[in-house]
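**Student:** Residue strings, one per chain:
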Amino acid sequence: MIKRKHANELAALRRLALEDVLLASEADLREQAEEEGLDFNELAEKIRSSMREAAASVLREQLVKDRTLESTQRPASKRPSLERIKEAIREVFAREPELRVAFRDGRQQSQSDWESLYDDLVRLGALKPDERD
Amino acid sequence: MLDNENTDRKYATSSDVQAAIEQLGLSPAHKVHRAARVLMGGSEYQDPSELLDEAVKRCMQAAAGQPGRPWPLDVPFEAYLIKSMEGLASDSRDSWYQRNRVAIESLALEGQSADDVLGELDRHVPSVEDALIEVEERGRRENEAEANIARIKAHFADKPAVTNLIEGKLADLSAAETREMFDMTQTEYDSAHRAYRRGLEQLFADGGKR
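Residue numbers (the UniProt record's numbering), protein chains in the order written: chain Z, 1 to 133; chain R, 1 to 210.
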């Protein structure tokens with residue numbers, strides 16, 4: 001059996017660098033960003049934005065899977081009127097602003113967009129269908 | 001704020017993960033990104049954000065009940081992400097499938113995918129041959145690791161303090177033991193440590209490919 005001597009040593013050398021990352025002060029990080037010609041605040045926001053999008057993509061994929069599964073298993077649930085759907089969605093977004101991240105801006109949406117978003121929010125448990133309907 | 005409705009929960013929900021991303025400070029955001037730069041060397045990940053985003057996706061998938069890497073709530077988000085990226089990059093480097101995918105695709109007949117070929121290999125290749133392939137692959141990984149260590153040493157050859165740090169680590173010495181053995185002050189050690197990390201980031205900026 002071949003030993004993993006060098007692979008283990010290389011992993012140790014990577015950890016040595018990681019230790020310094022964890023110890024780095026904000027001043028160190030700012031200095032390095034400046035040396036590399038990067039805007040510290042702008043890069044941090046870009047990193048967070050990319051992470052935010054990665055998280056939202058999983059939610060979107062999950063919704064598509066759930067929707068597909070549901071459409072094959074049970075008939076569409078009874079929905080309230082379009083005006084009530086819009087009102088309920090706006091209430092949920094006001095109550096839980098982070099939910100907006102996973103969805104498109106609510107302006108210029110078709111009726112089916114509103115209905116589909118309503119179904120998604122009900123499915124996520126963010127909105128109870130019998131709240132005021 | 002994390003979702004505190006149920007404080008008995010051991011693992012993060014999707015809302016916890018999204019809230020943690022929003023709360024990630026400037027320095028922590030840079031740290032996880034720099035950690036990705038250090039870790040991606042030799043893996044399939046060619047960009048630090050690609051590795052970091054994959055860690056976030058695996059975390060969200062686990063939170064949604066899919067196979068993934070769950071975030072235990074008693075571990076800080078930043079530390080969890082770094083550990084997860086370490087695992088993902090390591091899995092990528094160790095993956096025979098990943099390494100051989102291009103070669104396998106070239107074996108595929110018209111209309112066949114790499115997965116079709118792998119499925120056929122699964123059915124027809126005797127286990128002894130599988131074992132030989134694995135041994136050969138492990139030998140190749142060892143050779144590659146040895147070459148990368150030589151590359152790291154060569155990169156810092158004109159920086160004796162960093163070379164001492166590397167030798168100390170390879171001898172499995174603690175930071176204090178390394179300082180004592182090479183007669184380094186704490187400041188010299190810290191400075192060498194920083195130079196080492198920055199140099200390693202540059203060295204593997206291309207994903208570890210020469």
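Please note that the accuracy of each hint is not assured.
[Unchecked claim] When the alpha-carbon atoms are kept at most 25 angstroms apart in a straight line, the in silico DSS-like pairs for lysine-lysine are as follows:
1. R/Lys169 / Z/Lys5
2. R/Lys10 / R/Lys57
3. Z/Lys46 / R/Lys10
Bear in mind the hints are in silico, worked out from the structure with no lab data behind them.
**Student:** Evaluate each hint against the coordinates.
**Tutor:** Going through the hints against the structure:
no. : hint              : result
1   : R/Lys169 / Z/Lys5 : holds (14 angstroms)
2   : R/Lys10 / R/Lys57 : holds (19 angstroms)
3   : Z/Lys46 / R/Lys10 : violated (30 angstroms)
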